[in-house]
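**Q** Each chain, letter by letter, is given below.
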Amino acid sequence: MPPPILTIRNLTTVFPDENGGLRALRDVSFDVHPREFICVLGPSGSGKTTLLRIVAGLLQPTSGQVTFARKQQPRIGMVFQQANLMPWRTVLQNIMLPLEIRGDGDHDAHKKAREMIELVGLQGFENSLPRDLSGGMAQRVAIARALIHDPDLLLLDEPFGSLDALTRERMWTELSRIWQARQKTVLMVTHSISESLFLADRVLVLTQRPGTIKMDLNVDLPRPRRDEMRYTAHFGKLARKLKEAIE
Amino acid sequence: MFCLPPSPFGRGNQKDMTKRFLPVFLSTLAFLFGWHVFTRYSGIPNFILPSPLSVWARFLKAISDGSLQYHTWITLTEILLGLLAGVTFATVLGYLLAKSRALEKVLSPYLVASQAIPVIAIAPLLVIWLGDGILSKVVICALIVFFPVLVNTVVGVRAVPAALYDLMRSLHASRAQILWKVEVPASLPVFLGGLRIGATLSVIGAIVGELVDAEEGLGFLLQVGDFQYDTPMVFVAVFTLIALALALYGFVRALEVRLLKWQDKT
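Protein chains in written order, with the working numbering: chain U, 1 to 247; chain C, 1 to 266.
There could be a bad hint or two in this list.
Keeping only pairs whose Cα atoms sit at most 20 angstroms apart, straight-line, the calculated SDA-like set for lysine to any residue is [claimed, not checked]:
id : chain 1 : residue 1 : chain 2 : residue 2
1  : C       : Lys99     : C       : Val151
2  : C       : Lys261    : U       : Ser134
3  : C       : Lys261    : U       : Glu126
If you are wondering where the hints come from, they were derived from the structure by calculation, not from laboratory data.
Let's have the full structure, built from the sequences with the hints guiding it.
**A** Below is the structure:
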């Protein structure tokens, strides 16, 4: 196995409040290897999002380290619970944002953005505004935006939580396909057992607050993953394991 | 007539324009006709209530001797400079207040107190200090514009979604990039709402200043007309002021329609 690109050691986070601080994470440690798809699974209030925000550099942990293997400042692509698009920008302009921030050439940015639009299947919507997109389409734009600057690490914070069940399941297949096409390292937070099993190579189960890793499950389902797989006995066995770990 | 939401079919729709302006046009016509009939048969003398026709005649005279253009230009200059100064200060200070709770705590009592004093009450002071020239009017105008723009800037900047800051920070965006790519466009709708109020108030500011003491401007024209029992002249000045206020309001509305196309159609 190649050396990890991200090591997380003894992460502990306490949010100050009136009664001695809210403990969100306790002593969380794990490694992330290149091209791995890791899901962090846990009930609400287990500090999943806190963990993701620390990795993204949006939050300082109370103690512990997050170390990236190669660079001091890794490129991060992030997808949030809501699509979080800029309503004044068109689909194309939203997708180009990370390149604009890096100051990349305009021509190149357009070309890359069009590639991304093709990747997420939004041809014909380049010049649409976010107000005219459905929830699923908006989240596709968010995924394209998170990938365009070729990030070292893709962070997904319950990206499909606000979608209806059917759209969500369609997005799993999409994300699985995109992940295989782009060969990215992914750290995704979710509270859905099927979602984590369908997508991940590894599932980390966090306990109730303060969140700590209770299980590190290797998902040995073959790829590419298909919808039928969710109805097999092996999938059911893994799902039960996770369910028991959560409870 | 300017407060209608932008048409979903965009500009230049002929039928739409007719629909919008026909009622205004007809009601104006009816008003003028009623006014005319009233002055003609009520026996009220012209220096108390002039007929619309005598106002029109006075208007043509003021245009032909160039006095109306001259005084309108002076007032417009005061308004535009006052707007520029007021909006600039209000925007900068509003942004700082929105970003710093500490600064807000220190300054907000003063800002609220300053609003308790009507500008009309301090206008004579400002004229004493700054002279009866254009400067005192610009300052009065700026003061009256300041508050609504300030409040809306604070509200607009505070309403920028936290998630967009997270997005920008996850991409290692600079302060300047966050300002121009997120804060400015996101707060623009609320800011322009404040500007719209400020633009109409600015006309009041300039006139208040001119009425205190001035040698030129529409307020001066108004006063001269008043002293000389030239009531049609007073009406001409008042209608010119109305036209100025409407034009400014319409300009900001047009700006809103143009810049906020991305907003939800409501």
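**Q** Looking at the structure, which of the earlier hints fail to hold?
**A** No numbers; nothing is violated.
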